[in-house]
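A.B. asks: Residue 142, in my numbering, is where the sequence shown stops; the numbers in between run on with no holes.
Simulated from the structure, these hints should not be mistaken for laboratory data.
Some clues are possibly wrong.
So the derived label-pair ranges between C-beta atoms look like this [unchecked claim]:
1) F117 - P14: 38 to 48 angstroms
2) R104 - N30: 31 to 41 angstroms
3) R12 - G101: 45 to 55 angstroms
4) A88 - L66: 21 to 31 angstroms
5) A112 - E138: 18 to 28 angstroms
6) L21 - G101: 44 to 54 angstroms
7) R12 - L66: 42 to 52 angstroms
8) E128 - P46: 18 to 28 angstroms
9) R104 - G78: 12 to 22 angstroms
10) E17 - A86: 24 to 34 angstroms
Bear in mind the structure is a predicted one, so any value in this text is a computation, not a measurement.
A virtual CB, placed ideally from N, CA and C, is assigned to each residue, including glycine.
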Amino acid sequence: MSDPRNPFEEMMRLGQQWARAVNPALETFTPKGFEALWPTMPRDLMEAMMGKTFNPEGLDARTRLLVTLAGLTILGAQAEAQVRLTVRHAIEAGATRQEVAETIALAGMFGGVPAMTRAMELARGVMDAPEEDRA
8 MSDPRNPFEE MMRLGQQWAR AVNPALETFT PKGFEALWPT MPRDLMEAMM GKTFNPEGLD
68 ARTRLLVTLA GLTILGAQAE AQVRLTVRHA IEAGATRQEV AETIALAGMF GGVPAMTRAM
128 ELARGVMDAP EEDRA
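Make a model of the complete structure from these sequences and hints.
C.D. replies: Structure below.
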C-alpha cells in the first residue's frame, strides 16, 4: 500500500497498455473517426424507419430525434458521439438550429447548466461544420 498512484490512473494505464498489445491502432482511436463510419440517413429513410410510416398517429422522425437529444443532454451530454450524431440526423430530418438550441436549453432545466453547455458546444460543432462534412 505504499504506492501513491491514483487507482483510476493505474486502471487507464493498464487499459492503454492492453489496447496497444491487442491492436496498436486503438491507441490513436477517436470517437469522431468512428462517427465518420455512420453516414447521415436520408430524411425519407429516417421517416420510414422511425417516423409515421408504421405508426401514423405517432411522432415524426424530427420530433423523435429532438426528444432523444433532450435525453442525451439530461444525462450530462457524456455520450459525445451520440449527441453529435443525433444533432446531425435531427437537422437532416428537418429540425432547425433554433429547435436544436431550444431542445438543449429546455433539457438543461433538468440536466443542469454544465450538461446544457456541453451539449450546446457539441451541437454547435455539428451545425457550424460545412454541410458536406455532416454527411
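A.B. asks: If you check each hint against the structure, which ones fail?
C.D. replies: 1
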